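Asker: Protein chains in written order, with the working numbering: chain A, 1 to 520; chain B, 521 to 1040.
Think of the hints as simulated: they come from the structure by calculation, not from any bench.
Just some of the chain B residues that point at chain A, by a computed CB distance under 8 Å:
| # | residue |
| --- | --- |
| 1 | M586 |
| 2 | A645 |
| 3 | Y660 |
| 4 | I835 |
Since the structure is predicted, the reported quantities are computational estimates derived from the model, not experimental observations.
Glycine included, C-beta positions come from ideal geometry on N, C-alpha and C.
Residues per chain are reported as follows:
Protein chains: 2
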Amino acid sequence: MSQDEDGDIIEHHVEEEMEKRGPRSQAASSSYVESPSAAEGHSSTQSSHRLLAYSDALISIIATVMILPVAHTKVEDNEDLRESVQLLLTAKIAVYLMTFLIVTVAWGAHIRLFQIIVRIDDCLALLNLACMMLITFLPYTFSLMATFSDHILGMLLFCGCVMLLGVIQSVIVLYAFSRPFLLNEQIQISENRNIYKHHILKVIMRVPIMCFFAGIGSFVFLQLSYLLLAVVIFLPYISQCLKWCRSKAIGPVAESPDTMLFYTYLPNEPLSKDRVEAFSDGVYAIVATLLILDICEDNVPDPAVVQKQFGGSLIAALQSYGPEYLAYFGSFATVGLLWFVHHSLFLHVVKTTRFMGLLNTFSLAFVGGLPLAYQLTHEFPRNSLNELEAIQISCVIIFFAGMFQLAIWVVALYNERETLHPYVRYGGREHVFMMAKLALYPCVALATFFLTCILSRFSAPIFHLMEITVPFAFLVLRLLVRVGLALLRLIFCPDRSNLRMVVDDEGDDESRVPFNALVT
Amino acid sequence: MSQDEDGDIIEHHVEEEMEKRGPRSQAASSSYVESPSAAEGHSSTQSSHRLLAYSDALISIIATVMILPVAHTKVEDNEDLRESVQLLLTAKIAVYLMTFLIVTVAWGAHIRLFQIIVRIDDCLALLNLACMMLITFLPYTFSLMATFSDHILGMLLFCGCVMLLGVIQSVIVLYAFSRPFLLNEQIQISENRNIYKHHILKVIMRVPIMCFFAGIGSFVFLQLSYLLLAVVIFLPYISQCLKWCRSKAIGPVAESPDTMLFYTYLPNEPLSKDRVEAFSDGVYAIVATLLILDICEDNVPDPAVVQKQFGGSLIAALQSYGPEYLAYFGSFATVGLLWFVHHSLFLHVVKTTRFMGLLNTFSLAFVGGLPLAYQLTHEFPRNSLNELEAIQISCVIIFFAGMFQLAIWVVALYNERETLHPYVRYGGREHVFMMAKLALYPCVALATFFLTCILSRFSAPIFHLMEITVPFAFLVLRLLVRVGLALLRLIFCPDRSNLRMVVDDEGDDESRVPFNALVT
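So that you can see chain A by itself, here it is in the shape it has in the complex:
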């Protein structure tokens, strides 16, 4: 029976993959049967899969790029960390977080657009590249705005970019609707395709139009246009909240039967799981390698310096960089393991919603700060207050990155029939294991945080011990979970037949015998 279930989970994933591809192919082939006139002369129609993967890679790099100015801010040894961190917090970190948010909002719009346009041709590919170019320029305009908050140039540039983006996206929509075989099946076979077109155009143009007014307003009263901009950026979330409040207050609004699940901004609007994964992979990959980029560029000593300062001893010269290597390996391991948790979670997620995407974005924003935090831990003298604070900041960042991952899982559980694979639903045989995986980093980070508070003299050793043990904890996690469950069972309900979560039954061959022996 165990083996049948194993077959199940694999077939489930395979089916899921087929489904992912399925609708597109159906849409494509059926459209060619149904609309012969429109299909004529478009032999170059292509699957959009790789275009989207490339866009995701670009956007994920851009989303994390503003962490570099933060990471490269040199904290002086004689300065108090608290002060400089506060200085960082007010400016660069804020820019980083805002950029991350803006870029992910642009990314969300991009996803929405290409959930409607499921096939592309050369023209759309080129238009999309133009979009990407504008999106990659957004962080710069934003950091201009932050540095010169009383100057309208940054605002104008930002508004210009967004307006241009809106125009290009509208062109994409108009182009796609003029060649309906590029659209997804639902819209293709729908009779009121024009209504869709107008609805989508309306939603797309809303932001550029508001930016237009913000741009004009900036000549008159700059602060007001910042406010307008904030509204624009948070528009999806604000309208989501309003709708949710309304539905709670008045009761659910009866939706017209043909209302799409695109462009609704409802929290449970589906979000392409493929793209969430691709975007997250990009962010994790960039963040994991951020420190090695610095090391490769800055930490190769100059031969002349080695000769002069270290008497030609390369090893002595490199020893001064020791903490940097340690920070690199530590941050790579932590980011890699957080990716691993993310990967395990999304393996069992069947459907992604916008709300889960938002939580994922928050988690990724914290992950982006990790290399910086790790770098800080090694920049101060041993046992200084600064070092302690840097370590505690690292713990806090790890904690929140992990907590938001856990939050995705909790949100998914609320609607588990739609969003989760049966194995990890409440009572499923992988449920407890998955929870342990997700909870490991937040728990460890919290424990480390409080330990360093109590034993502040040993904060660095505790932190390094944590870095080293966590990978091994992940390796033996399945074992640990089983021990934990067995203990719980032993304490609370000696009669094991009562238990719903019979995780033990799956039985790892090596570990089964001792633990069964231990329990019974």
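Let chain A serve as the given structure and place chain B on it in line with the hints.
Answerer: Relative to chain A, chain B alone:
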């Protein structure tokens, strides 16, 4: 009929996608039926798809990272570019190219490994992350070697990393063979699975063992161990050449019926097309954003400086950065369009071979140098010899990046029945269009190069004109190709029935009438 063929190309791509997934899913499900004992207790077995995508992202970042020290080398205005370029060429560019090569060799080994292991579990995922960490450290050891070529430390670190990599990969192989349901079907159902295991282990351990000797030899005679290292790195290519020469001299060797197509190092050994695409996407994405990373970090002026030097005029302050923005947009557009060509090509490639992968690597190595070249074009005074040379270097880089893409296509044509979709084979209706797409950049780069030689005074305007017109050329390329063909037809064979490549027949509705009218 035209519309039937349109259906064909889409179905073809869909089938291809199904095939891509197909073998894995079959392998997975059938294995659970065939080997019930082995499958027991492994409910956490997962598709390796996302793990590989993440690995590709990491490796592509690392492959391009050594271009950063090159790009950040400041070329002094009073210095002669030729000299400084020669200085760069000898050291940093060599390091960049060698790093790129080494990392792609490691990537090739990783592909080969995961063509055999088609499913993963948590343990393999964690081991793979350890592999990635070591691979990301390789560039640094290599740049140490290059900077301190007479010191053994770089060599020892490099050899240590490679040996550790070999050990981890061996552990992965042993682990996977102990759980055969993780392997691909061909090996799973094979009776001499042990022979495979030993063959694979032998191939994997060959490199670390040679590195071990290189490491020991470095204590005795450093130069010799560099030679040994070069042999190690080029081993696949050397053995390929030798085998190819032997097969040409003696005639093809009769292979034993059960010989795998993995770990043969033959040029036509299949290479996962998915992974070649993912790796290329990663490289193109990083390279496209390299300049904006710099801009975001360095080109936000300090408010104090703006106040002092530019009298508070932000626009004046930003104008001094103008060339950098231009370089960014230019390099983004060029890299984006080269990606577009790559995407179009691989859309019609059905099977990728190792040799095509090698050509792709060369193309990507040149693409990596593009931002640097573009940055150089704007660092010198107008109409100086330096500017001219920087522009010509850019043209040369674009030319080679495009030529290697074209080479992939030529190699694919040699074996078109296996590697290409019927539409782009010789005589297929997309054949000429594809060739035009691939030839556009090399032709334009060559033309620009010679134009700047002749009209050296107008080199900058010519170059910028090229940058601006190429995207539009891509937009109207299909039209241009048709005009070109029509003209050729008009000149060489007025009797149009003789022509094999009747591209005209597919007929874009808008363009069909005028051109038919033009021809007849």
